[in-house]
Amino acid sequence: MYYRTAESVSPKHPDKLCDQISDAILDAYLAVDPEARVAAEACGGHGVVFVTGEITSTAEDIDVPAIVRRVAGDDLEVHTKIVKQSPEIAAGVDTGGAGDQGIMIGYACDETPELLPLEVVLSRRLNQYIYEKFPFDGKTQVTIAPDGSIDSIVASFQNAPRGELEGLVREFIAREGLTGKLELHINPAGDWSQGGFDADTGLTGRKLIVDNYGPRVAIGGGCYSGKDPSKVDRSAAYMARRIAVDYLRERGAHEVLVRLAYAIGYAEPLEKTVIIDGVPEEITGYDLTPRGIISFLDLKRPIYEASARYGHYGEGFDWDK
1 MYYRTAESVS
11 PKHPDKLCDQ
21 ISDAILDAYL
31 AVDPEARVAA
41 EACGGHGVVF
51 VTGEITSTAE
61 DIDVPAIVRR
71 VAGDDLEVHT
81 KIVKQSPEIA
91 AGVDTGGAGD
101 QGIMIGYACD
111 ETPELLPLEV
121 VLSRRLNQYI
131 YEKFPFDGKT
141 QVTIAPDGSI
151 DSIVASFQNA
161 PRGELEGLVR
171 EFIAREGLTG
181 KLELHINPAG
191 DWSQGGFDAD
201 TGLTGRKLIV
211 DNYGPRVAIG
221 GGCYSGKDPS
231 KVDRSAAYMA
241 RRIAVDYLRE
251 RGAHEVLVRL
261 AYAIGYAEPL
271 EKTVIIDGVP
281 EEITGYDLTP
291 RGIISFLDLK
301 RPIYEASARY
311 GHYGEGFDWD
321 K
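In the numbering used here, the protein residues as written are 1 to 321.
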């Protein structure tokens, strides 16, 4: 084994604010029009948020600036530039084809009840534990030593005095029964009060590893937030996770990796591989067309804003079950 490290960021991190804005916009459209085609991107910082993208929908009264301010703050200046989906892309999707090319990765392992790598779960749960008391911008990070013990923990949170923050970290360590070197780095650059959009800019889709399975597991490359399920970047990635979970349980495996690949406008995947404890085989028994995935996971619902907060896996979503 080797050292393994993963990080988590709080919902008030500027990149996560942008993810939540994008998915809140998506949810607003799906709540009115389940057939909406949505690709919404947000960039925000220093009092201003820009929302751009392509949306084709029968919903006409979606107040995007109000959504932005609900998620990220009442005093924001909001600019929007939204157009309809390209008719050339729509032509391929309308016939049931994938909304883009791409590679989607699914993963599951038996290290934790969440079926995720231990370092991912610990960094996320610590972040959530701190966020309950300090609901601000913040990051956590956990490094696991080769013997499975905890080597080090990093916690940096806005408006959290170092002494109180260290106390919360030690409470979490005791609650989880963690042992090891346990070198703590608490607000290592000093206490800080300026965070979120006041301190930095954010962008939709910039926390891909946090959204997925941590740095130990490869990702396909596409982000999820702001995209309706006709985009296989999102829907097929969720299906890949579901397949990984299914194979892990059915085969009694320790680790399962799933790879799906698509071409724009083409319904069937170009690759459908599952690797079970290092042994590859072809996936069977699933409808892996975009329409089949959307129907199986019931994805045309306003369920996405919650997924943009702490990661898209291990939080009890349907594709985790």
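It is possible that part of the hints are untrue.
Claimed, not checked - Lysine-lysine pairs mimicking DSS-like chemistry, simulated, CA-CA at most 30 Å apart:
{"no.": "1", "residue 1": "181", "residue 2": "133"}
{"no.": "2", "residue 1": "81", "residue 2": "300"}
{"no.": "3", "residue 1": "300", "residue 2": "84"}
{"no.": "4", "residue 1": "139", "residue 2": "181"}
{"no.": "5", "residue 1": "321", "residue 2": "300"}
{"no.": "6", "residue 1": "321", "residue 2": "139"}
Calculated directly from the structure, the hints in this document are not laboratory data.
Satisfaction of hint between residue 181 and residue 139, Cα-Cα up to 30 Å: Distance ~21 Å between residue 139 and residue 181 Cα, so the pair holds.
If you draw a straight line from the CA of residue 81 to the CA of residue 300, is it 30 Å or shorter? The hint holds at about 24 Å.
Hinted pair residue 321 and residue 300, Cα distance within 30 Å: 18 Å, holds
Run the distance test for residue 181 versus residue 133: straight-line Cα separation, threshold 30 Å. The given pair, whose Cα atoms are some 26 Å apart, holds under the 30 Å limit.
Next pair to validate is residue 321 with residue 139; report whether the Cα-Cα distance is within 30 Å. 27 Å, holds
Please work out if residue 300 and residue 84 have their alpha carbons no farther apart than 30 Å. Satisfied, since the Cα-Cα distance of roughly 19 Å is no more than 30 Å.
In summary, this structure violates none of the numbered hints.
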